[in-house]
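Chains as they are written, first to last, in this note's numbering: chain A, 1 to 358; chain B, 1001 to 1370; chain C, 2001 to 2292.
It is possible that part of the hints are untrue.
[Unchecked claim] Pairs of lysine to any residue, SDA-like flavour, derived with a Cα cap of 20 Å: (1) 141/A - 215/A; (2) 2097/C - 1158/B; (3) 215/A - 2121/C; (4) 2044/C - 102/A; (5) 350/A - 2060/C; (6) 207/A - 2028/C; (7) 1068/B - 1158/B; (8) 215/A - 2097/C; (9) 2184/C - 1164/B; (10) 109/A - 89/A; (11) 215/A - 2060/C; (12) 346/A - 2060/C; (13) 167/A - 2229/C; (14) 65/A - 2028/C.
If you are wondering where the hints come from, they were derived from the structure by calculation, not from laboratory data.
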Amino acid sequence: MKIRSTLVGLLAATAMSVTAANAETLRILTWGSYAPDALVKKFEKKYPDIEIEVTFSNNEEMIAKLRATGGAGFDLAQPSHDRIFAAQKEYNIYKPMDLSKINTDRMTKTHLDGVKANTTIDGEVYAVPHQWGTSGLMADKSKAPDFAGWGDLCDPKYKGKTSMRLKRTILLGTAFDMGEDPFAAYADLDKYQGILDRVADKLIACKDNIKAYWKGGDDLSAMMMSGEIVASETWDSTAYKLYGENENIVFVPPRTGALAWIDTFTLPRKGKADDAAYKWINFVLEPENVKLMSASTGAIAAVEGGKDLLPADKKAAVNAAFTDADIENLKFFANIPPGVEDMEGKTLEKIKAATGSE
Amino acid sequence: MQSNSENDLECIGVKRHFGSVRAVDDVSLEIPKGSFFSILGPSGCGKTTLMRMIAGFESPDAGDIRIKGKSVIDTPPNRRNVKMVFQHLALFPMMNVYENIAYGLRCNGVSKSEIETKVRDVLERIALPDVANREITQLSGGQKQRIAIARCMVLDPDVLLLDEPLGALDLKLREAMKIELKLLQHQFDTTFVYITHDQSEALVMSDNVAIMNEGKFVQTGTPQELYHDPSAAFVAGFVGDTNRWDGKVKSVAKGVAEIETATGLTMRSSVRGERTPGVGDAVSVFVRPEFITTQKAGGAAPAIGKNKNVLEGRIDSILFNGANSRVLVRDGSEELVEADVVLTGGTADLRAQDAVRLIWSAEQTMCFAS
Amino acid sequence: MAGMVQKDIKRLSLYLLFAPFALWIALLIVLPHLGMFYISLREKVGPRVYEFGFENYTNFFLEPIYWNTLLRTGSMSLLVTALALVLGFPIAYYIAKIAGNRTRGALFLMCLIPLWVSDLIRAFGWILLLRETGVVSSSLQWAGMIDTPIEFLYNDAAVIMGLVYTVILFMIVPLVSTLDGMDKSMIEAGYNLGGNGPTVLRRIIIPYAMPGIVAGCIVVFMLTAGSYLTPILLGGKNSSWFTEQIYDQFITRYNWESGAAFGFLLLAFTSFVVWAGLKLSGQTLNSTVANN
Chain A
1 MKIRSTLVGL
11 LAATAMSVTA
21 ANAETLRILT
31 WGSYAPDALV
41 KKFEKKYPDI
51 EIEVTFSNNE
61 EMIAKLRATG
71 GAGFDLAQPS
81 HDRIFAAQKE
91 YNIYKPMDLS
101 KINTDRMTKT
111 HLDGVKANTT
121 IDGEVYAVPH
131 QWGTSGLMAD
141 KSKAPDFAGW
151 GDLCDPKYKG
161 KTSMRLKRTI
171 LLGTAFDMGE
181 DPFAAYADLD
191 KYQGILDRVA
201 DKLIACKDNI
211 KAYWKGGDDL
221 SAMMMSGEIV
231 ASETWDSTAY
241 KLYGENENIV
251 FVPPRTGALA
261 WIDTFTLPRK
271 GKADDAAYKW
281 INFVLEPENV
291 KLMSASTGAI
301 AAVEGGKDLL
311 PADKKAAVNA
321 AFTDADIENL
331 KFFANIPPGV
341 EDMEGKTLEK
351 IKAATGSE
Chain B
1001 MQSNSENDLE
1011 CIGVKRHFGS
1021 VRAVDDVSLE
1031 IPKGSFFSIL
1041 GPSGCGKTTL
1051 MRMIAGFESP
1061 DAGDIRIKGK
1071 SVIDTPPNRR
1081 NVKMVFQHLA
1091 LFPMMNVYEN
1101 IAYGLRCNGV
1111 SKSEIETKVR
1121 DVLERIALPD
1131 VANREITQLS
1141 GGQKQRIAIA
1151 RCMVLDPDVL
1161 LLDEPLGALD
1171 LKLREAMKIE
1181 LKLLQHQFDT
1191 TFVYITHDQS
1201 EALVMSDNVA
1211 IMNEGKFVQT
1221 GTPQELYHDP
1231 SAAFVAGFVG
1241 DTNRWDGKVK
1251 SVAKGVAEIE
1261 TATGLTMRSS
1271 VRGERTPGVG
1281 DAVSVFVRPE
1291 FITTQKAGGA
1301 APAIGKNKNV
1311 LEGRIDSILF
1321 NGANSRVLVR
1331 DGSEELVEAD
1341 VVLTGGTADL
1351 RAQDAVRLIW
1361 SAEQTMCFAS
Chain C
2001 MAGMVQKDIK
2011 RLSLYLLFAP
2021 FALWIALLIV
2031 LPHLGMFYIS
2041 LREKVGPRVY
2051 EFGFENYTNF
2061 FLEPIYWNTL
2071 LRTGSMSLLV
2081 TALALVLGFP
2091 IAYYIAKIAG
2101 NRTRGALFLM
2111 CLIPLWVSDL
2121 IRAFGWILLL
2131 RETGVVSSSL
2141 QWAGMIDTPI
2151 EFLYNDAAVI
2161 MGLVYTVILF
2171 MIVPLVSTLD
2181 GMDKSMIEAG
2191 YNLGGNGPTV
2201 LRRIIIPYAM
2211 PGIVAGCIVV
2221 FMLTAGSYLT
2231 PILLGGKNSS
2241 WFTEQIYDQF
2251 ITRYNWESGA
2261 AFGFLLLAFT
2271 SFVVWAGLKL
2281 SGQTLNSTVA
2291 NN
C-alpha cells in the first residue's frame, strides 16, 4: 500500500516536471556577459511563455559541447564566424538558418555578407552576425609610447615587461608581423606549416622577453594595472575596460592590422526551440537592447551605427584606439580549414615546452 | 630516610600535583631486592601516576626516586633500567614476537648473534619456545601477557613495573596468570612492582602490599598484616570482604569498646588504629564474614562468653558457592549481615527463612575512630 | 516454504542495496571509460572518416614533448606527495596524539577551510600573495630585506607550494585516523624499552602509521597528477602539466582521439606509480586505502 502511494507520487512528480518542461525553454550557449540579466528579464517579460537558460563558454568549449551531443542540449549557440564552417563539415553540429525570420535589415551589410560568405555550405547559411571585436595589442602609453606592432612584444627594450596568450591569435599576429599572410596560406597547408615553423622559432626566442603567458582577462588586467607589464597582446574589450580605469592604457591596433572576429548566432542541429531562438535574435537586434548588450559585453554590435550604441566610456576607448584607417585595415579571421587546429596546437605545444629560460 | 643499596627501588617524599589535585602526595616506599611489591588502591588513587613517575613518563614536583640507590630524577625514561608491562601490554603489532623482544636489545646496540641467543633464551624461560615467528595477532591472551613480560625481562631490568596487566583477561585466565606471574617473578628473581585495584591479585601474589588512597600510602605490609591487622578503616573496608556498621562508643576498657550502632545494635569490639576513641566518639565497626558463626535459633541458647556478640535474625538468601558459601541474614533492624557457612548438602543445612543466631567474638571485631 | 520466501526477500534486499553502487560504477565509471577507450583507438583519416589503430598511442611515444610532460608531471607530483607527507605528518601527529579534544576539532577545521573555497579562488589567493607587486614581495621590500620587487609567481616552486597547500588535508586525514588508533602506551613502551626519539619514530610510529602514510600518498599523488587549475594558473612559461595537454587535445585541437589516448596513458602511468609504491612499502590496497 505504502509502495503504491509512493509510486503514484513519483508518477505525479514526473508528470509535473514534464509539463513544466513544455513551457518553452530557450537554452543559450554563449560567452560570459553575452546574456546580461537585465536583458534576459526583459525578454521573459515580453515573452512570458519562454524561459531562458544560459550557459557561458568559449569557442572551443562550445564546439566540444555540441560535438559531444551531436548538436543537442542547446537551442542557440554563439561561436565566432571562423569556427562554423569546418566544425559543421567535420562534426555536423549546426542546422541551416531561415534568414526570413530574422530582421537582417538591422545588421551591418558588410558583417552580414562576411558571415554569410564564411558559413554557407551547399547553399545553406549557418550563421548571422551578432557582435564584433578585435584582438590586438595594448600598451601603457606613459611607459611604452612607441608600441605599434606584434613584433614589439619581443623587443628587448621591454624585456620581462610584456605578455601574450599562448593561443592561435599570437601565431597569426606574429605571422602578419613577419610579412606573411597566414589566411592566404590556409589554402596550402604545407606553406602554412612553413610559416608556423618560423613563427615558432621567433616566439621561442621571444620567451625570454615575456613575463608570463596570460590565461584569462583577470590575470592580464592584474598584470597591466599593477604595472608589472607595460604592453601585451589583448582582446579589445579588456583594453577598453582598463582604459576606463587608467587613460594611459590604450588598445593599440597593430600596424599590420588588428585581427577581427564576429561572434554569430547559430542553431545547434538538435535544438528544439528555433522559434524562441529567432525571437531572441530579433530581440537583441533592437537598438535599446543593443545598448544593454554592448554595455555588458564591451563589444560593438554588428548593426548599423553599432559604435554609437556603445556606452560613453567604451565609445571613448574605441575612439582613442581606432582611426578610420585602422578600421579599414582590420583582418577578419578566415575560416579554419580542417587540420589547421592540429597544426597550430602542435606549434603552441612546441613553444610552451621549449626551455628558453625561466 | 637512609639510602640503602640493598633496595632495588626507593621513593622518598614523592609529590605530584595536577592543578589542585594531589595525585601523589608525599609517598615514600622501599622495595627490597627480588621482592613482589603491589600497590593496591581504587581507581583514581594516584597509583598510575606514581608508576609513571618511576618509569620516567612524569616528573615528580618534589621528592626523589632511587633505583639501586641512585637517583634517577634526571634520567630520561629510555635510560632508566626500569621496564614496564602496560595495561594493554602495548606489544608492537607491526612486529612479530621475535622483533618485539629484540627491539629493546637493538636499542641497546647488542650484537645480532647475541640478540638471537637472548631472545631464544627468554622464550624458553617463559615456556613459549616456538612462537618467535608468530605475529602478535596470532597469540592468545595469556601468551601475549608472557611475551610482554619477556620483552622487558630480556633487558635484565632492576625493576619490572606491571600496570594492571591482567585487567583485560577473562576470569579463568586471570586466576591462572596470577600464579604464573608469581612463578615468573621467582624464576627471574627480579623486583616486580605491581599496580592493581583488584585486592585478590595483590593478596595472592605479593610479598608486600601498599594500600593507596587519595594520593597517600595508607598502610604497607604483608597481605596477612593488611587483612588481619589493618591500621585504618579504609584498609579494613578495602581489603577483603567485611560487614560494616557505624556507631558510637558507649564505654571503653582494656582495648575493648562497647558500641551502639546507628541501627540500635550493641556490640563489643577490639579497638584498632592509631587513635583510641573516647566515650561518645563516632566509630566504624568491621567484622569479616568468616568470623561469624551461624546457628539455627531455637533450642537452648548456648553459653555465651562475655566477649561474644550475638545477633538474632532470619536468613534472607543463601549464596551457594561451594566451599565459599555464604548466607545473608536480615536482623531485627532490617540490616543484612553476611556470614560464611558450610553447606554439606545434608538435611541439617541452613535454608532461606530459617531463624538463626549469629555469633562472633569481640577480638575479631575491629573498630576505628572515624 | 516461508523460509524460502524469507531467503528470497533477503537476497532481493541485498541486490537492492548493492544496485546504486553497481549502477554508479557501471554508468559513471565503466561505460565512459569504455567509450573513451574506443575513441582512443580511432585514427582520424579525414573529416568524419576514422580507422581503427594504435596511432594515437604511438604518437605519444614518438613525440618527446608529450612524454616529457608526463614525466615532469609525475616527478613533480611525487615531490608534492613527499612534501605533503613531511609537512602533514607532524600536523597529523599533533592532532591525533597531542592536542586536546577541543583543539583537535579546531585544528581539523583549519585544515578543512582551504577546501571550502574553489580551486580557482585559492589559486587567485596565491597569485595575490606571490605576484611581483603582491603581498609577499611588497612586505619584504617594506621590511628592507630586498631592494627591487621579486616575482615569486609563475615558476615551479609556486606550483608545488599551491598544490601542497591544496592536497595536504588528504594526507592529514588518513594519517590522523591511523595514528588515532595507536595506543599512546605503544610510544611509551618504545621509550621504556630503551629507544630514543628517532628510534621510536623510525621503528614504531612510522611502521604503525604505514597504512595511513601509503593511503595518504596514493590519494595525494592521484589528486596532484590529475589537478588542472593550480598548475595552469601558478605555472610559468615552461611549466606544462599533462592534464593541460589532455585539455588542449580535447578542446583546443578538437582531437578527442589523442586526448582519450592521453587520458588512458595518464591513468596507466599513475596506476603504475601507485603499484610501485605499494610494492616498495610492502603494503596492499586492502591494508591502506580500504582500511580508512
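Structure-based check of all given hints:
no., hint, result
1, 141/A - 215/A, "23 Å, violated"
2, 2097/C - 1158/B, "30 Å, violated"
3, 215/A - 2121/C, "15 Å, holds"
4, 2044/C - 102/A, "38 Å, violated"
5, 350/A - 2060/C, "14 Å, holds"
6, 207/A - 2028/C, "42 Å, violated"
7, 1068/B - 1158/B, "8 Å, holds"
8, 215/A - 2097/C, "44 Å, violated"
9, 2184/C - 1164/B, "16 Å, holds"
10, 109/A - 89/A, "26 Å, violated"
11, 215/A - 2060/C, "25 Å, violated"
12, 346/A - 2060/C, "12 Å, holds"
13, 167/A - 2229/C, "17 Å, holds"
14, 65/A - 2028/C, "18 Å, holds"
Of the hints listed earlier, those the structure fails to meet are numbers 1, 2, 4, 6, 8, 10, 11, in rising order.
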